[in-house]
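*Asks:* Listed below are the residues making up each chain.
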Amino acid sequence: MIAHEMPKSHYLNAEHGLKSWLLTLDHKRIGLLYLLGVSFFFLLGSAFAMLVRLELLTPEGDLMSADAYNHVFTMHGVFMVFFFLIPAIPGVLGNFALPIMIGAKDVAFPKLNLLSWYVFMTGGMFTMYGLLSGGVDTGWTFYPPYSSLYSTSAVLPVGLGVFINGFASILTGVNFMVTVHRMRAPGMTWFRLPLFVWGQYATSLVMVLGTPVIAITLVLLVLERLFHFGIFDAAKGGDPVLFQHLFWFYSHPAVYIMILPAMAVISEVIAAFARKRIFGYHAVAFSSIGIAVLGFFVWGHHMYVSSQSVYAGVVFSLLTMLVAIPSAIKVFNWTFTLYKGAVALEMPMLYAMGFLGLFTIGGLTGVFLATLGFDVHVHDTYFVVAHFHYVMVGGTIMGYLGGLHFWWPKMTGRLYSTFWGKTSGWLVFVGFNLTFFPQFLLGMQGMPRRYHAYPEEWQVLNVLSSAGASVLGVGLILPVIYFLWSLRAGRVAGPNPWGARGLEWETSSPPPTLNFDEPPVVDHEAYDYGPPTDEPAAGAAPAGAR
Amino acid sequence: MSHADSSALAHQFDSLAQQKESATLGMWLFLCQEILFFGGLFVTYLLYRWRDPTAFAAGSHELDIVLGGFNTVVLIASSLTMAMAVHSAQTDKRRQLVGYLVATGALGIVFLVVKYFEYSAKWHHHLIPGAGFRFEGAVGGRAELFFSLYFAMTGMHALHMVVGVAVLAWILKRARAGEFGSHYYNPVECFGLYWHFVDIVWIFLFPLLYLIGRHYHGGA
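As they're listed, the protein sequences go chains A and B. Heads up, the first sequence stops at 550 in the working numbering, and the numbers go up one at a time, no gaps. Heads up, the second sequence stops at 222 in the working numbering, and the numbers go up one at a time, no gaps.
Chain A with its partners taken away, still in its complex shape (with noise of 0.2 Å):
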C-alpha cells in the first residue's frame, strides 16, 4: 500500500477563521456548508419520523393527540422535503464535484452560489420559526381550504420559508446551468462529460422551470390567508383544485428534483467500481433530459380523486407511465455496465447496488399507481407513502450517502472506515426495507395516511415498520460519527483512492482553491477505464469545441 502525505495546501488550509467559511465564494466549501445546513435539516426530519414511528407502535393513539400527530408528519415532510431532498445532492455534492469535474475553477457565478445557501439557511430559520409558534398542521401539500381559511397553525411562517427557500434553488439551477455551458475545460464535449454532470444540468432545468410556479402559488395562498383574496375559495368562485393544479405543476417535477441527482450519483459510482465505461452513455444522458421533460406533463396523477376530468386523467395516466421509459433504461444500462466488469464492491458500491433495487422497486410501485383504477383503490394509503419511500429514500438517500462516500476522501483527503462503512450501510439497507416494506402490505390493506390512531390487526406491520425505523436510525447516524472520525485520525487518501477515472481525480485531495495546479484540457471519452469493451466509441465531437 502506497503512503500518501496530505497536499501542503489545499482548500480547507488556504483561509483560516470562521469569515473565511461565511464569506467563501469557493464552491467546494459552500459545498459544506450545504453538508451542515442539510445535515441539521435531516436530523430535525429525522427526529419527526421517529415521533411518527413511535405513535404509530400502538393502535390507539396515546403519544400523542390526533392534532399533535398532524403537526409532526406535516413537519417532517417539510423538513425533508424542502430542506433535505431537494437541496442535498445538488447543494453538497454538485457544488463540491461539478466543477471539478467539467475542469474549471469555479462555478460561473460565485457570489450567487453562497447566497443560495444563505437563502436555503434563512427560508430554513422561518420554517424554524414557524416550528417553535407550534408548527404547521396542513401536510406539507399546504392544500387550501384548510391551510387558507381554517387552520390556526403558523401556515405564514412555514410558507415563507419554503417560498424562500425556492429562490436558492432556482440560484444554483442557473448557476450550474451556465457553468456547464460556459465554462467546460478545453476539449470536454458535451459527449465527454460525466454522466453525473448530465444529471445535474436536467435536475437544474426543472428547477429553473418548476420552482417559480410553486413560489407565485405560495404567494397567493399567502395572500389568500392574509388578506382573504380568494382565489383558492369556491364561496368567492375560487377554486380549491387550482391549488392543487398549480402546487403538484412543481411539486410532480420536484420528486425529479430530488431523484435525478441521485442517478447522477449512481452513473458515476457503478462506472468507478466496474471499471468500465456507462454502457449505452448517450442513453443514460438523454433518458435524464427525457425524465426532466416528461416530469413537466404528469401533474396531474396526483388529483385522480379530486374533480379532475376522468379524461384528463387518462392523459395524465398515459404520460406518468411514460416516465418509466427512461428510467428504466438507467435502470437497465446500469445493469449492462456490470456485466462483465471488474465489480468491486466498495463502500460506495453497495449504496449504488442499493439504490438499484430499492429504486426499481419504488419506479415500478410508481407505475401501479399511475393506473387510474388501481390508484382510486389505494388513494392516499400507506402504499402511495411506501411507494415514495422507496423513491426518496431507497433513491434519493441511497445516492447521496453512495455519493458522499465517494468523494468524501476528495473533499477532505481522508478515508473512512470501511468496517464502520459497510456496517453502517447494511444497518440502513436493512432498516429501509423493514420500515417501509410492512407499509406496501398495510396500504394495499387500506390503512390511511395520516391519522395517529388504526384498528388492531394492523399492529404487527406498524411494529415492524417501527423497528425497521430504529434500525435505519442507527445505520443513519454511524456515518456522522464515522465521518467526523475520519477527520482525525483517517488514513490519507492520495489524490485517487478508488482508481477512478474522471478529472476530480487527477487533481490532489483535498483540492487547491482553484481546483487544479495546471488547467486541464481533455483528449478523451468519460469513463476511458482498461481494455476497450465491445461497446463502440461513442460521441466523435471536434477536441476543443467549447
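Simulated from the structure, these hints should not be mistaken for lab results. All of these numbers come straight from a predicted model, not from anything done at the bench. Heads up, the beta-carbon is just placed ideally off N, CA and C, and yes, glycines get one too. A couple of the hints might just be wrong.
What the hints assert, rightly or not - Cut-off 25 Å, straight-line C-alpha distance, at most; resulting in silico cross-link-like pairs (SDA-like, lysine to any residue):
1. A:Lys-240 - B:Ala-140
2. A:Lys-23 - B:Ser-9
3. B:Lys-22 - B:Gly-101
4. B:Lys-124 - B:Met-158
5. B:Lys-22 - A:Ala-189
6. A:Lys-240 - B:Gly-101
7. A:Lys-240 - B:Leu-210
8. B:Lys-117 - B:Leu-195
9. B:Lys-124 - B:Arg-144
10. B:Lys-117 - B:Leu-174
11. B:Lys-124 - A:Phe-231
Said to hold, decoys possible - Partial list, computed: chain A residues near chain B (C-beta under 7 Å):
12. Met-181
13. Pro-216
14. His-232
What the hints assert, rightly or not - Under 8 Å between C-beta atoms, here's a sample of chain A residues computed to sit facing chain B:
15. Lys-109
16. Asp-110
17. Phe-113
18. Val-212
19. Val-226
20. Phe-233
21. Val-371
The hints should help you fit chain B onto chain A, whose structure is shown.
*Replies:* Structure of chain B alone, referenced to chain A:
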C-alpha cells in the same frame, strides 16, 4: 490586457468574452424562471376569466384606463431610454449613459407613483378584496376575484419595478464611477434585459386587465 480589463474579469473566468457569455446566458435563464412565475398568475387569470367573463368585464370597467394607458406609455419610454443606455455604454458615451440611466429610473418611479394613486383610488372605492369589498352593479361580489387578480398581478409587477429601480440605483452608481464602457458593459446589458422583461409583462397586463371586455356592457 489593460488595467480596466483585468479588474473587470472575475477569477473563475479565463476571458472577458467567456464572462460576458455566462452573464448573458444566466440572465436569460433567470428570465425564463420569471416567465413561469408570472405564468402561474396568467393561467389563473385565464381560467377565472373563462368561467365568469361578465364579472371580469364589469371589474375592468372600474379600472382607470387613462392612468393605465399613461403608465403604458411611460414604461415603453423607459424601455427606449434603457436601450439607449446600453447603446451608450457600448459606444463609450459615459455621460449619456448616466443620463439615460437617470431617465429610466425617473420613468420607473413615475410609473410607481401613478400606480400608487390607482391603488389608493381602489381603496376609497372599497375595491380591495377581503372583508371590506363592495361592488355596485349587477355582478356584485363576483367581481372580487377580478380585483384579487388585479392586485396580485399588478402587485407582483410593481414589486419587480421596485426591485428594478433599486438595482438601477446600483448600476447608476457604478456608471458614475466610470466602470462601464465598450470593454465591459455586462451589468448594464443584463439589467436592460430585466427591465425590458418587466416592461413586457405590463404590455400583457394592460390589455388583459384594462382593455379586454370594456365594450361589454352585459348586466348579468
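*Asks:* Decide, hint by hint, whether the structure agrees.
*Replies:* For each hint, the structure was consulted:
1. Between A:Lys-240 and B:Ala-140 the alpha-carbon distance is near 16 Å, which keeps this suggested pair within the 25 Å criterion.
2. A C-alpha spacing of about 24 Å is found between A:Lys-23 and B:Ser-9, which places the hinted pair at or below 25 Å, so the restraint holds.
3. Restraint check for B:Lys-22 and B:Gly-101: the C-alpha separation of about 24 Å stays at or below 25 Å, so the hint holds.
4. Distance restraint check for B:Lys-124 and B:Met-158: the Cα-Cα separation of roughly 17 Å lies within the 25 Å cut-off, and the hinted pair is therefore satisfied.
5. Note on B:Lys-22 and A:Ala-189: the hinted pairing holds, with a Cα-Cα distance of about 17 Å set against a maximum of 25 Å.
6. Taking the CA atoms of A:Lys-240 and B:Gly-101, the gap is about 49 Å. The hint is violated against a cut of 25 Å.
7. Restraint check for A:Lys-240 and B:Leu-210: the C-alpha separation of about 21 Å stays at or below 25 Å, so the hint holds.
8. A distance of roughly 23 Å separates the Cα atoms of B:Lys-117 and B:Leu-195; the hinted pair therefore holds under the 25 Å criterion.
9. Note on B:Lys-124 and B:Arg-144: the hinted pairing holds, with a Cα-Cα distance of about 16 Å set against a maximum of 25 Å.
10. Of the supplied pair hints, the one linking B:Lys-117 and B:Leu-174 holds, its CA atoms being roughly 24 Å apart against a limit of 25 Å.
11. A C-alpha spacing of about 15 Å is found between B:Lys-124 and A:Phe-231, which places the hinted pair at or below 25 Å, so the restraint holds.
12. The closest approach between the C-beta of A:Met-181 and any C-beta of chain B is roughly 6 Å, which is under the 7 Å cut-off, so the hint is satisfied.
13. The beta carbon of A:Pro-216 comes within 4 Å of a beta carbon in chain B, closer than 7 Å, and the hint placing it at the interface holds.
14. Restraint check, A:His-232 versus chain B: the minimum CB separation of about 5 Å is within 7 Å; hint holds.
15. For A:Lys-109, the interface hint holds, since its Cβ comes within 8 Å of a Cβ in chain B; the closest pair sits about 5 Å apart.
16. The interface hint given for A:Asp-110 holds, since its Cβ lies 4 Å from the closest Cβ of chain B, which is under the 8 Å cut-off.
17. Hint on A:Phe-113 holds. Least Cβ distance to chain B is approximately 6 Å, under the 8 Å limit.
18. At about 5 Å, the closest approach between the beta carbon of A:Val-212 and any beta carbon in chain B falls short of 8 Å, and the interface hint on this residue holds.
19. The criterion of a C-beta within 8 Å of any C-beta in chain B is not met by A:Val-226, whose closest approach is roughly 10 Å, and the hint is violated.
20. At its closest, the beta carbon of A:Phe-233 sits 4 Å from a beta carbon of chain B; the interface hint therefore holds under the 8 Å criterion.
21. Residue-level restraint check for A:Val-371 is violated (minimum Cβ-Cβ distance to chain B is 28 Å; threshold 8 Å).
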